[in-house]
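Place chain B on chain A using the hints.
Chains as they are written, first to last, in the numbering used here: chain A, 23 to 376; chain B, 23 to 376.
Treat each hint with caution, since some may be false.
What the hints assert, rightly or not - Below are the BS3-like pairs computed for lysine-lysine, each with C-alpha atoms no more than 25 angstroms apart in a straight line: (1) K135(A) - K280(B); (2) K76(A) - K280(B); (3) K135(B) - K150(A); (4) K115(A) - K135(B); (5) K76(B) - K76(A); (6) K135(B) - K170(A); (7) K135(A) - K145(B).
As the list claims (entries may be wrong) - Each pair of labels, with its calculated beta carbon distance range: (8) Y357(A) - L27(B): 38 to 48 angstroms; (9) K115(B) - L77(A): 41 to 51 angstroms; (10) E101(A) - Q260(B): 56 to 66 angstroms; (11) I164(A) - E117(B): 41 to 51 angstroms; (12) D246(A) - E75(B): 52 to 62 angstroms; (13) E117(B) - L27(A): 18 to 28 angstroms; (14) S80(B) - Q260(A): 21 to 31 angstroms; (15) P186(A) - S80(B): 37 to 47 angstroms; (16) R25(A) - D63(B): 23 to 33 angstroms.
It should be emphasised that the hints constitute simulated quantities derived from the structure, not laboratory data. Keep in mind the model is a prediction, meaning the values are calculated, not measured. Note that CB positions come from ideal geometry on N, CA and C, so glycine has one too.
Chain residues, written in single-letter form:
Protein chains: 2
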Amino acid sequence: MKRELSAVEAKYEAQKIAFGPMYFQSVIALRDLGILQFIGDHRKGVSIDTIVEKLEASEYSVHLLLEAAEILGVVEMEEGIVRISKVGFFLLKDEMTRVNMNFMNDVCYLGAKNMTESFVNGKPEGLKTLGDWPTIYQGLSILPEPAKTSWFEFDHYYSDNAFPDALKIVFRKNPKLLFDIGGNTGKWSFACCDHDPNVRIKILDLPVQLKVAKANATEKKLLDRIDFHAIDLLDTAQKIPQGADVIWMSQFLDCFSKEQIVQILENACQAASENTTIFILEPFFDNQNYPAAHYSLVATSLYFTIMANGNSKMYRIGVMKELVEKAGLEVIETYPLIGDSYHTILECRKRRQA
Amino acid sequence: MKRELSAVEAKYEAQKIAFGPMYFQSVIALRDLGILQFIGDHRKGVSIDTIVEKLEASEYSVHLLLEAAEILGVVEMEEGIVRISKVGFFLLKDEMTRVNMNFMNDVCYLGAKNMTESFVNGKPEGLKTLGDWPTIYQGLSILPEPAKTSWFEFDHYYSDNAFPDALKIVFRKNPKLLFDIGGNTGKWSFACCDHDPNVRIKILDLPVQLKVAKANATEKKLLDRIDFHAIDLLDTAQKIPQGADVIWMSQFLDCFSKEQIVQILENACQAASENTTIFILEPFFDNQNYPAAHYSLVATSLYFTIMANGNSKMYRIGVMKELVEKAGLEVIETYPLIGDSYHTILECRKRRQA
Chain A
23 MKRELSAVEA KYEAQKIAFG PMYFQSVIAL RDLGILQFIG DHRKGVSIDT
73 IVEKLEASEY SVHLLLEAAE ILGVVEMEEG IVRISKVGFF LLKDEMTRVN
123 MNFMNDVCYL GAKNMTESFV NGKPEGLKTL GDWPTIYQGL SILPEPAKTS
173 WFEFDHYYSD NAFPDALKIV FRKNPKLLFD IGGNTGKWSF ACCDHDPNVR
223 IKILDLPVQL KVAKANATEK KLLDRIDFHA IDLLDTAQKI PQGADVIWMS
273 QFLDCFSKEQ IVQILENACQ AASENTTIFI LEPFFDNQNY PAAHYSLVAT
323 SLYFTIMANG NSKMYRIGVM KELVEKAGLE VIETYPLIGD SYHTILECRK
373 RRQA
Chain B
23 MKRELSAVEA KYEAQKIAFG PMYFQSVIAL RDLGILQFIG DHRKGVSIDT
73 IVEKLEASEY SVHLLLEAAE ILGVVEMEEG IVRISKVGFF LLKDEMTRVN
123 MNFMNDVCYL GAKNMTESFV NGKPEGLKTL GDWPTIYQGL SILPEPAKTS
173 WFEFDHYYSD NAFPDALKIV FRKNPKLLFD IGGNTGKWSF ACCDHDPNVR
223 IKILDLPVQL KVAKANATEK KLLDRIDFHA IDLLDTAQKI PQGADVIWMS
273 QFLDCFSKEQ IVQILENACQ AASENTTIFI LEPFFDNQNY PAAHYSLVAT
323 SLYFTIMANG NSKMYRIGVM KELVEKAGLE VIETYPLIGD SYHTILECRK
373 RRQA
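So that you can see chain A by itself, here it is in the shape it has in the complex (with noise of 0.2 angstroms):
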């Protein structure tokens, strides 16, 4: 199905790659001197001279820019006459695009010079950049700005679209008590008790993590239903408790290793009943509809290098598949690509005896 390139080819997309940076912070200057907009308002082409004329940028950065942004194919040019291609369309409003491009400026850019660094350390070297924590976990309510708002709207844009599809899969069942295992800021188990009048909660995670979420709760006022529960899930010595009809793992399992992995899923194993279900939710790199999509989360991969914690990263869905089934469980449902959003869905439980 791939052409086999030729060498001019190769070569030119060698250097697509060696000078990615650069005009990654073109198409940043393009968009933020007002440029990029004003060409898209003039759907139907726009001279350059009309460009200089109108905005506040110099003659320079416009034609300079605007070069860039030819080769981009950001804009297409003829006779002077400027207009937005499909590509500097997306840039300008597409949502995965801005939210991503902010991401990677805000956030990410200065700390991916430390990533080499990153990998043989095995620890975030680029968050340095942003403040002085072990991970971005303890450091993410006190972001110095614009990072902080690039940083939950990189999260907001691709956590919360799977919420209504995932809600009606895990409710089929009418499940009594539902384990948010990593509940984080407790927004699913808010869904959950939005959803579902009957349901009851118990969200585990660290301690740090659970005040928050605590606090959050006792905003919604919905301690009644809510409860919460300490647990470091490296240590193999604490045990998640019995009783749960659903375990739900959101986005969670991503911030651990293979090994780490297994543990943790060997412990909901232990406290699952042959009627608890497990629910994986997770954006598997390679269980994507469209490669713009399966781009972004590696890209997001490199970030829990550079940034989050170091050492996790988003997985193929055959690699989970097999830490499940090595943790005793076993994968009886897989719910593909909801809707909009980037994610699936592994319903699982434990392993009859044979």
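Same frame as chain A, but now just chain B:
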């Protein structure tokens, strides 16, 4: 000729821009951790497990970096066996690609974050990541490593390839006296002295540059053939002296804005007789014979913006010809794409009165 992109393709292209810096750094890591070389050494392919086993890099590093490299088309993977692609081969072996990668990473990467600011202020606001100078030219000899090595390798790669063919063209009419405008360290002047034992040279440049050129000329025992003329060509009161058979400007005009270029060429025009030939050597970005070269030269313009001086750039050949005409000169011959170089020589002279 260009096929219209589908929306899915355009969205993918937009993400390639958006995560360009992240993937750039992943290739740097792939290279610096020795993974790319190791794969290149096994042309028939090597298993991921073997890579993990033989190299220092962690399993996590190898898996994630290969996931990124596969998307970029740097490697090809089939059933756990990895092979280097043509693009990967260029990253590993091609001098242009090597020089561009290092220049991007060591000289420009951090400074590029200040691109918008550089355009707004007309100053190289990224330069502060390397040192405290108004332009990079004041800092060249004291740049911190590895920026210094990468800067000089880049400069060398794009300049020196042009010399052999340029000497043949310039010395066709046996000039006796050549003015080397913006002679910098004297490299071109020394090449001229070497090429023709009878030629005499006058290097015209800023006093600070002349000091370097003079020291180099002393070392090469060329003081009897080269003399030095201090001049600031942005000061229109300072005139280029008369008497040259050839006025030579090599990658000099691209350091200036269009208005300044006209001023400088007018200055050359007043110094020229009917028998003076004015040669302009420049890498015009639209006069290249493959797209990687065009791409690299526009990126070089952006380097001028963020790191060098904030206001110069590579030009289109048509624009330069217009400026030549505007200054009272005429282009009598164009020598494009000399050999393996990226340059074009414009041979000009004073326009004759009709």
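Results for each hint:
1. K135(A) - K280(B): Not satisfied, since the Cα-Cα distance of roughly 35 angstroms exceeds 25 angstroms.
2. K76(A) - K280(B): OK: K76(A) and K280(B) at ~20 angstroms, within 25 angstroms.
3. K135(B) - K150(A): With a Cα-Cα distance of about 16 angstroms, the restraint between K135(B) and K150(A) holds, given a limit of 25 angstroms.
4. K115(A) - K135(B): Within the cut-off at roughly 23 angstroms; holds.
5. K76(B) - K76(A): Violated: K76(B) and K76(A) sit about 60 angstroms apart, past 25 angstroms.
6. K135(B) - K170(A): Roughly 18 angstroms separates the two Cα atoms, so the pair holds.
7. K135(A) - K145(B): holds, 23 angstroms
8. Y357(A) - L27(B): 38 to 48 angstroms: Since the Cβ atoms of Y357(A) and L27(B) sit about 31 angstroms apart, the hinted range of 38 to 48 angstroms is violated.
9. K115(B) - L77(A): 41 to 51 angstroms: holds, 43 angstroms
10. E101(A) - Q260(B): 56 to 66 angstroms: violated, 39 angstroms
11. I164(A) - E117(B): 41 to 51 angstroms: holds, 46 angstroms
12. D246(A) - E75(B): 52 to 62 angstroms: Hint holds: Cβ distance 55 angstroms, inside 52 to 62 angstroms.
13. E117(B) - L27(A): 18 to 28 angstroms: About 19 angstroms separates the Cβ atoms of E117(B) and L27(A), which means 18 to 28 angstroms holds.
14. S80(B) - Q260(A): 21 to 31 angstroms: For S80(B) and Q260(A) the Cβ distance comes to about 26 angstroms; the hint holds.
15. P186(A) - S80(B): 37 to 47 angstroms: holds, 38 angstroms
16. R25(A) - D63(B): 23 to 33 angstroms: holds, 26 angstroms
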